[in-house]
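Asks: Sequence:
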Amino acid sequence: RPPARNGTAPPRHPLQPPYPHPYRFLLNHPDKCRARAPFLVLLVASAPADFAARDAVRRTWGNESSVPGAPVLRLFLLGVHPAFDAELRPVLREEDELHGDLLQQDFLDTYNNLTLKTLAGLEWVSRFCPNATYVMKADTDVFLNLEFLVRRLLLPPKRGLVTGYVYRHTGPLRSPAYKWFVPRQVYPNDTYPPYCGGPGYVLSGDVALRVFAAAQTVPPINMEDAFVGLCLHALGLRVTDGPPGAFTMYRLPYDKCRFSRLVMVHHYAPQDLLQLWPHFRDAPVECP
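First residue of the sequence shown? That's 1 in the UniProt record's numbering, and the numbers climb one at a time after it.
Everything hinted at is true.
Listed below are the simulated EDC-like cross-link pairs for lysine to aspartate or glutamate, each with C-alpha atoms no more than 20 Å apart in a straight line: (1) Lys256 / Asp141; (2) Lys32 / Asp206; (3) Lys32 / Glu95; (4) Lys179 / Asp225; (5) Lys256 / Glu147; (6) Lys158 / Asp206; (7) Lys32 / Glu94; (8) Lys179 / Asp141; (9) Lys32 / Glu123; (10) Lys179 / Asp139; (11) Lys158 / Glu147; (12) Lys158 / Asp241; (13) Lys179 / Asp190; (14) Lys256 / Glu286; (15) Lys32 / Glu64.
The calculated label-pair distances, taken between Cβ atoms and stated as ranges, are: (16) Ser260 / Arg34: 29 to 39 Å; (17) Met249 / Val91: 24 to 34 Å; (18) Lys256 / Ala213: 35 to 45 Å; (19) Val285 / Gln185: 51 to 61 Å; (20) Arg258 / Ala86: 40 to 50 Å; (21) Val91 / Pro188: 40 to 50 Å; (22) Pro71 / Ser175: 37 to 47 Å; (23) Asp55 / Pro284: 23 to 33 Å; (24) Cys287 / His267: 15 to 25 Å; (25) Ala213 / Gln271: 33 to 43 Å; (26) Met249 / Lys158: 18 to 28 Å; (27) Pro71 / Gln271: 20 to 30 Å.
Worth flagging that the hints you see were computed from the coordinates, not collected in a lab.
As the structure is a prediction and not an experimental result, all values here were calculated from the model.
No residue lacks a Cβ here, since even glycine has one placed at the ideal position from N, Cα and C.
Make the full structure from the sequences, and use the hints.
Replies: Quick look at the structure:
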């Protein structure tokens, strides 16, 4: 935020994520894109202690070879556990040595710092994988159908693309009773520019780099997905609605034919994914 007249910045509201800030990578994989640029970098936001969710994602939709001919790079985004960082550090290091897919920065991993988590992913892409064709940010509690996403929406490769479930004409919730409370000191306007819902959205590689650059000057807010929308607005970039129903923000009962024509369904827990995935991948079902 701009400095006040007397040269000092106004005090930061506790809900405003501290940014820009020289956060350090505690776990990093700077060479992942050196050999070749991936078609899709999948950035999965994850809580440090949520080992089961990461395991389920690796064994289901986050499998890097899930789309033949379109190389996917999967990375989990983590901050530092507010209470158990020292205990988790060796366990996370071991997990990372086994799977090589954790990116951890030294900000506190809290709900109001989710914006910092997405920015850590975009910083990594900007610094270490700037030639990626697409970047997708996803949460662990979703069902994702990467094959449909790639074949239906991403090929042939496009520039200037931002797509997902688009929220329009929404605004900050001003009551502190809400999990999504945003006070006027953090965001003064009554509405947000259009933005894609946080559980899963896609940026073409060129847009991901520009959003990260814009984030260095746009005042941060504690709503991660709306903040990306603010950066897009500052850049004069538009968001594109996915095909009707392709990004579903509520839980749908599993149906193979229906799910094969969707990109994302929200509210699928790790055990749900592990249960339905073998059927989704292998069951011979005739779809109309």
